[in-house]
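Trainee: Residues per chain, in single letters:
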Amino acid sequence: MELLLAVVAGVLYAAGLYLMLRRRLAQLIIGLGLLSNGSNILILSAAGVTRGKPPLIAHPEMTGEPFADPVPQSLILTAIVIGFGVLAFALVLAHRMHQSTGSDDIDTFGPDRA
Amino acid sequence: MLLALPVVLPLATAIALHFIPQRSRLLRLLAFLGALLLLAAGVSVLVRVQYAGIQVLQVGAWPAPFGITLVADLFSALMVVMTGIVGVAVTGSSFAGVDPRREGLGYHALIHVLLMGVSGAFLTGDIFNLYVWFEVMLIASFVLVSLHRTRAQLHAAFTYVGLNLLASAFFLTAIGLLYGQAGTLNFADLARAWPERRTPGLDAALSMLFLSAFGIKAGLFPLFFWLPASYPTPPAAVGALLAGLLTKVGVYAMIRVFTLLFPNPSATVYTAILVMSAITMVVGLIGAIGQHDLRRVLSFNLVGHIGFTTVGLALWTPAALGGSILYLLHHMLVISSLFLVSGLFLRQKRTTDMRALGGMYRAQPFVACLALVPLFSLAGIPPLSGFIAKLAVVGSMIESRHYFLAAISLAVSLLTLLSMARVWEESFWKPAPGQAHVAHPPRLGAAILAPVAFLVTLTIGLTLAADPTYRVATTAAQQLLDRDGYVSAVLGNGVLRAAR
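Residue numbers (the numbering used here), protein chains in the order written: chain A, 257 to 370; chain B, 138 to 637.
Be aware that a few hints might be false.
[Stated by the list, open to error] Estimated spans, in silico, between C-beta atoms of each pair:
#1 A/Q355 / B/P502: 41 to 49 Å
#2 B/P519 / A/L347: 22 to 30 Å
#3 A/S359 / B/L483: 25 to 33 Å
#4 A/L259 / B/Y188: 52 to 60 Å
#5 B/R487 / A/S359: 23 to 31 Å
Hints in this document: simulated from the structure, not taken from any laboratory.
Being a predicted model, the structure only gives us computed values, none of them experimental.
In this text, a Cβ means the ideal position worked out from N, Cα and C, and glycines have one as well.
Okay, chain A solo, but in the shape it has when bound (with noise of 0.2 Å):
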C-alpha cells in the first residue's frame, strides 16, 4: 500500500511541476492542485498507513494495541483546506487576468507588451 501511495504522490509532484512550468494559466493552477494532493499523499504514506485500526485508543488498558496516527491525518485535513483557499484565489486571479487580456498565455500578460 505504501508503495502504491509513495508512485502516486511522486507522479502527482511530477506532472503537477510540469503542468507550473507551462506557459497556460488554466495549466499552471492544475498543477498548483495536483502538487498540494502529492503533498497530502506524502505526509500520509511517510507516516506510516495502518490498516484496520481506529486512530483513536478506547479504553486506557488498550494503550499497547496498534492504532493509525491521527495526526497526519490531521495535518493533511489542514493542508486539504488551506490548499482549496488557495487554488479558489489563484482561480478568481485567472480569471481576472483572462478578463482583463482575453488570453491565458502568461507570455503576454508580460510588462514587456502590455
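With chain A fixed as given, assemble chain B onto it according to the hints.
Mentor: Same frame as chain A, but now just chain B:
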C-alpha cells in the same frame, strides 16, 4: 497569556474593522490603534523575555509535544517588536489617504490579518503551525498585492502567488517527511528526537527542501527573481509592509529551523547557504545599479541585503549570528522607510521612475533630509545603524577567517553606496526635468511624513543604542545556538536528563 497577545490583538482588530462603516476616519484610527497595541504587546514580551528567559505558552493547556506551543526567545521577541513597528508605520501612513476602492475591499483588515500571520510565525513552537501562519500571511499578502490591479501588475501578482505557493508545497513536503521519521512536530521535541533518528540521506534531502522553501520566501539567489518583479507594483504602504516583514519571516524561519534541526555546522547545506548568501549580495546590488525605477532599485537592494542576514547562519558563531540579527533589525526599519519614501514621490509626481524625478531637495529640503538618513544608513555610512550592523557582520567574518567573504561584503557595500548615491542624485538633487512636471504638485503634509519620520527616528535610535542592541542581538544568537536551553524551556528540565 502575554504570548498570545501579538496574535490575538491583530485578529481582534481585523474582526472589529468589519463592523465599522467603510471609508470612515474611525476605520483608520482603529487600524492604527490595533497596530499600536501590537507594538505594546511585542515590547512587553521582549521585556519579559529579557528579564525572565524564554517564555512558553502551551495553548489550551495541552502538554508540550501534543498541543500547539507558543515560544518566545529573544530572537522571536525582537522580531515581534519589529512587526509592531512596521505595522504602526504602515497603518499610520493610511491617515494621509488610501485609494477608496481598496479601502472598500477591506484593505485595513487585510493588513491586520497579515500582521497576525507574521507574529504567529515568529512565536510558534510547532513546525506545522509555522506552515499555517505562513499561509495566513501569504493569502493576506496575495489579496493586498492583487487588489484592483492593472493588466501588467496582475502578471507580477501571479508570479508572486505561483512561486510562493511552490515554496509552501516544498515546505509541506519537508514537514511530511520529517514527521514520518521523527514522529513529532514540536520544535523542541524535534530538536531532541531528530538527531537520534535521522539518516544521512534524509537529513540532506530535508535540509535542501527547507533551504529551497525558505530561500524562495526570503529571496535568496537563485530563487529571488519573483521579488523584483512583484514588490514594485503594489502601493507604497503595502510595499513597505511586504519588504519589511515577509522576506524577513523567510529568514527567521530559516534560522529557527536550521539551528534547531541541523546542528552540524560542517554539513554541506551550510556551505550552500554561505555561497548563496554571497552571490545574493553581489547579484542583488549589481541588479540595483541597472535599474531606473526607484522601487525596483529598492527591491534589488532588499534582495542583496538579505544575503547579510543569512550569512550569519552559515558562519555559525554567536558573533556572526548576532551580527545578522542586528542587520535584520536595521534592515527592516530602513527598507520599510525607503518604500514609504517612494510613496512620497508616487503621491507628488505620480511616478517612481527616477528619470522623471528630481528637484525634491530644492522644493522640500526637510523631506529630502528625512530620506537621506535611511539612504545613507542602507549604504552603511558611519555612524548610522547600517554601518554598525555591517561592522558586526564583517567583523565576525574576519574573526572566523572568511577573508574572501569579508572582501565581497565590503565590495557590496561600495555598490550599495553607489546605488544609494544615484538614488539621491537622481530623485532629490538634480533639477526637476521640465516635461514631467505635474501641475500643482501637492505639498507633502505632516500626515504622510509622520510614518517616515517615525521609522527614521527609530533608525537613529538604533544607532544611538547600538551597544545595548548589539548585546541583545548577541544574546539572542547565543540562545539560538544553545539548543538544550530551548528544549528544556519548552519540555521541562526532566526531558533532557531522561534522554541522557
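Trainee: The structure should be examined with respect to each hint, and the outcome stated for every one.
Mentor: Evaluated hints:
{"no.": "1", "hint": "A/Q355 / B/P502: 41 to 49 Å", "result": "46 Å, holds"}
{"no.": "2", "hint": "B/P519 / A/L347: 22 to 30 Å", "result": "52 Å, violated"}
{"no.": "3", "hint": "A/S359 / B/L483: 25 to 33 Å", "result": "29 Å, holds"}
{"no.": "4", "hint": "A/L259 / B/Y188: 52 to 60 Å", "result": "55 Å, holds"}
{"no.": "5", "hint": "B/R487 / A/S359: 23 to 31 Å", "result": "29 Å, holds"}
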